[in-house]
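These protein sequence lines map, in sequence, to chains A, B, C, D, E and F.
Per our numbering, the first sequence starts with residue 1, numbered consecutively.
Per our numbering, the second sequence starts with residue 1, numbered consecutively.
Per our numbering, the third sequence starts with residue 1, numbered consecutively.
Per our numbering, the fourth sequence starts with residue 1, numbered consecutively.
Per our numbering, the fifth sequence starts with residue 1, numbered consecutively.
Per our numbering, the sixth sequence starts with residue 1, numbered consecutively.
Hints were generated in silico from the structure; no laboratory data involved.
Check the hints yourself; a few may be wrong.
What the hints assert, rightly or not - Label-pair restraints from in silico Cβ distances: (1) F:94 with C:13: 27 to 35 Å; (2) E:63 with F:103: 24 to 32 Å; (3) C:13 with D:127: 52 to 60 Å; (4) C:88 with F:173: 55 to 63 Å; (5) B:80 with E:14: 31 to 39 Å.
Unchecked claim - Part of the chain A face toward chain B, derived, beta carbon under 8 Å: (6) 7; (7) 10; (8) 20; (9) 26; (10) 28; (11) 53; (12) 55; (13) 58; (14) 65; (15) 124; (16) 126; (17) 135; (18) 169.
Where a beta carbon is used, it is the ideal one built from N, C-alpha and C, also for glycine.
6 protein chains.
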Amino acid sequence: MPVISITLVPGYPPQAQARLVSNLALAARSVVPASDAGTTVFVHEVSTYRRDGRILTEGDGAPALPDAGAVVRDFLDAVERRDFDTANQWLAPGFEMVFPGGVVMHTLAELPVWAAGRYQAVRKHYERFEQSWQGEVTVVFCSGTLQGRWLDGRDFEGVRFVDRFELSGGRIRRQEVWNDLAEVKFSSD
Amino acid sequence: MPVISITLVPGYPPQAQARLVSNLALAARSVVPASDAGTTVFVHEVSTYRRDGRILTEGDGAPALPDAGAVVRDFLDAVERRDFDTANQWLAPGFEMVFPGGVVMHTLAELPVWAAGRYQAVRKHYERFEQSWQGEVTVVFCSGTLQGRWLDGRDFEGVRFVDRFELSGGRIRRQEVWNDLAEVKFSSD
Amino acid sequence: MPVISITLVPGYPPQAQARLVSNLALAARSVVPASDAGTTVFVHEVSTYRRDGRILTEGDGAPALPDAGAVVRDFLDAVERRDFDTANQWLAPGFEMVFPGGVVMHTLAELPVWAAGRYQAVRKHYERFEQSWQGEVTVVFCSGTLQGRWLDGRDFEGVRFVDRFELSGGRIRRQEVWNDLAEVKFSSD
Amino acid sequence: MPVISITLVPGYPPQAQARLVSNLALAARSVVPASDAGTTVFVHEVSTYRRDGRILTEGDGAPALPDAGAVVRDFLDAVERRDFDTANQWLAPGFEMVFPGGVVMHTLAELPVWAAGRYQAVRKHYERFEQSWQGEVTVVFCSGTLQGRWLDGRDFEGVRFVDRFELSGGRIRRQEVWNDLAEVKFSSD
Amino acid sequence: MPVISITLVPGYPPQAQARLVSNLALAARSVVPASDAGTTVFVHEVSTYRRDGRILTEGDGAPALPDAGAVVRDFLDAVERRDFDTANQWLAPGFEMVFPGGVVMHTLAELPVWAAGRYQAVRKHYERFEQSWQGEVTVVFCSGTLQGRWLDGRDFEGVRFVDRFELSGGRIRRQEVWNDLAEVKFSSD
Amino acid sequence: MPVISITLVPGYPPQAQARLVSNLALAARSVVPASDAGTTVFVHEVSTYRRDGRILTEGDGAPALPDAGAVVRDFLDAVERRDFDTANQWLAPGFEMVFPGGVVMHTLAELPVWAAGRYQAVRKHYERFEQSWQGEVTVVFCSGTLQGRWLDGRDFEGVRFVDRFELSGGRIRRQEVWNDLAEVKFSSD
């Protein structure tokens, strides 16, 4: 039942506008229990806009942020194929990773070294990418299961994991990882 | 810079409207990189509303959903003090909990039994409650550290955890838990 | 898919607002082939309104017009029970009736005299009241069948009729009547 | 005094938009007794629109319906000149005509046969085309006078008639005809 | 032809809203050459408003500024009757008056002293109060003619004057005066 | 805090729209004591507009009025360099000038003649151009100081002046001038 109008300076590309109306619909439905059918959102592009003494017209808006879920997916895919050049492009200055046991790393190059002490191989099966919109920051939670091979050659699969990614300005500034690997290893030992 | 207007049937209480405008501001800023100062959101209450052949006026809107973060916090507090009556009030039919190692439970009563095999006591220190608005469902991620006592009497603290709560219609239908307890125990053994 | 907002000075009663949003939805759907589900209309009551140098606030709007269909129905019911006092209250100055054969009358009192030369009794079965909104004027077409008794005592029924009523300012200023009575009588003679 | 804003996906042609704002102005004035000068209607084209989980942009709207009055006029003109090919293009499946005396026909080809038993020629003089907007259906009432020649060679003129056309999706699915021909013939015999 | 909507937190009194819509109509007509009849302005009161992270509801708006023209008129009337207590209430800190010849004064008490060297009496006949809206500051120009008596006892009248008043926050912080007194005296000597 | 939306037929050039949003922001702040940062104004161009039975689309709006301050500045510059052809283009029929002492002139050609009896040369130093928007009329007040040479060869400078210009339809129909020249001359004699 809510009708949401968003007024923007012209120039945002269709995909950004589509994400915008979708995200607003979801945000509204987090408070008003309307069905999707009953939730209307549209973008009005103004021809001239003035705030704080500045006049904005077409194209004066700041570029849209990339989709945080897609950024994380791109990053994870690049890391998985050990394409750290691509993966690094998505990282913000001061990037920090926190892995199970509270292990902190700051560069992707540290990752294979650390992993080498834990398993021969690992691969993520993604079940969900979930976004939490927080203003300056968007947090993406990615969860699913891990499949891989222990150091002793045995295989594992279906091991639950969740990653938390903190993005600012479209770049990842923090990754945190939780999973059941220790639980599984511990109980299977 | 975005100006967002949300049109509603009158009758939503001020706190729900405050949450609504705040959530919409956050959702808009997930796409348009506007500052908080440059993001304006307001609620217009209409006096008569018609969609799908139905006429709505004051109070005809469905009741606002509770704040999902507050629901989860209330639930966790009740569970911590073992007040399962209160905690159960927040649960949806078909409720399911998934704990480290993939252990699945359906009632809170199972929890102390299972925990008794793992530690004497545990307490959560919350660092963040983060919401992901997804339409029918709102997901709350709660993360922080665990403090407690192992079965052998040793204490632990600062053990990372993250819980994922899936809410529908203001009730929790699924909780998933990840933490570093096994990691910590495994490495400290 | 159209979203229609109508801005009004406060003070129009709920039924008038309900008619307004319904009529606007119908008018929009006469051009845009949207479903009823996809057509949203709402009334925004402003707190202050200025046009043509005049400031209007609550209650300064002209009273809503009555529902033209209800006016016609009331009028027809009153005429049928020969309650001409009530019926006359719905008539505008200069009222004119045109009956089959182009017979023109200006007062309801002429009606029984004229009818007495045609049938002993007649009663209307209404199938539809249909409104045509034309600005200063609203036209109501009422159609259905006539049932009654000829002068020679034979009964008739199912005789098609249509009446056209022209309303201005909520009063009927012209009624025109077409029916198949002559056709039926002629063919049955 | 009402100000009406209609929000549409871009792509509706200017004539459709002109009809839309005109029809909405008339519909509003059927309830609020505002002058034409005091009635403001405008179309806002949005750049992105979302409802029921679908994103619409320019040109995604369903094509505008044709003007029902123009459709009826075209149909009547084609019928008058016995151009049934053209006239048939305006008919919906299941088309039905009801003529005085309750005569029902389903194809235009039946028309000359039936008419041949009643008069040598007939022509309609139109006084009004009046539309009733009803959602799925638009009804057009066309009224005026008939001119023609009886079977016996005598001429007639000024004989009142009214036609009711029911349109759905821009096609005529039902025509009903009332007139004073029998009345006139009967009284002149 | 412009339609102007102003969205406000509820709580502004009717007179302030009336001034607001009137001033906006005038401002719009300074650019768009619309007639008064063709200029529509209205106030929408929102039920909840959020900007810059703050939530505002009814009564949270800053109090309306007084009408600058009325302030100046009150001030001038009080000065004329030498009611400096009342007049001082309209003055902002740092108030400054500049009189013909560039004479600068900072308190109303200086005025009679200075005037005593110029004329026995003076009275203003106001022809116009004209406002210039400049954001932080509103400037009021008051013009008309002076009537009075010279020191030598001769009378004068119809002497042109204009005063410029600078208001901030509803208080006068600067008055400047120009008139033809010297011109008249000089030419009449 | 006010959010102001102005709905216009498309076709007004960017500079006119920029002036429009700026003037509306100033007008709003003359009543509501909002900061510039808290005042949002935008122009919505409609695709079809209907009022008073007329349909307007792109380019159907009346041309924007020129900026009254710029008109006055151009006029004053042309007068100063004695380019009366240019200056005359800015004058409305019935133009009238009123100079100190109430001297009335109707053509620019009278100006040098009159001035020749008062000073050898004069030049204006502008401190402010201030506009008062009054609907049909915009008044511009220009104030500052005069510099020049008396008939006796002595120089003067810093002599206060204010001019009032009345514009209608973008043309000057009245100029009024006040200054301290007589005051200065009188006191320096």
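Does residue 126 of chain A pass the interface check with chain B, least Cβ-Cβ distance below 8 Å?
-> This hint is violated: residue 126 of chain A lies away from chain B, its Cβ roughly 14 Å from the closest one there, beyond 8 Å.
Quick one, is the residue 124 of chain A hint okay against chain B at 8 Å, beta carbons?
-> 14 Å, violated
When the nearest CB of chain B is found for residue 28 of chain A, is that gap smaller than 8 Å?
-> At 6 Å from the nearest chain B Cβ, residue 28 of chain A passes the 8 Å test, so the hint holds.
Distance restraint hint 27 to 35 Å, applied to the beta-carbon atoms of residue 94 of chain F and residue 13 of chain C = 52 Å, violated
Interface hint status, residue 26 of chain A versus chain B (Cβ within 8 Å) = With a closest approach of 4 Å, the residue 26 of chain A hint holds.
For the hint on residue 55 of chain A, does the least C-beta distance to chain B fall short of 8 Å?
-> Check failed: Cβ of residue 55 of chain A comes no nearer than 12 Å to chain B, outside 8 Å.
At a threshold of 8 Å, is the proposed contact between residue 53 of chain A and chain B supported by beta-carbon distances?
-> 13 Å, violated
Closest C-beta approach of residue 20 of chain A to chain B relative to 8 Å, hint status = At 4 Å from the nearest chain B Cβ, residue 20 of chain A passes the 8 Å test, so the hint holds.
Holds or violated: is there a CB of chain B closer than 8 Å to the CB of residue 10 of chain A?
-> Result: violated, 12 Å to nearest chain B Cβ.
Per-residue hint verdict: residue 169 of chain A, partner chain B, C-beta under 8 Å | Holds - the Cβ of residue 169 of chain A comes within 8 Å of chain B, reaching about 7 Å at its closest.
Pairwise beta carbon distance, residue 13 of chain C to residue 127 of chain D, judged against the given window 52 to 60 Å | 36 Å, violated
Holds or violated: is there a CB of chain B closer than 8 Å to the CB of residue 135 of chain A?
-> 5 Å, holds
Checked against the numbered hints given earlier, this structure breaks hints 1, 2, 3, 5, 7, 11, 12, 13, 15, 16; the rest are met.
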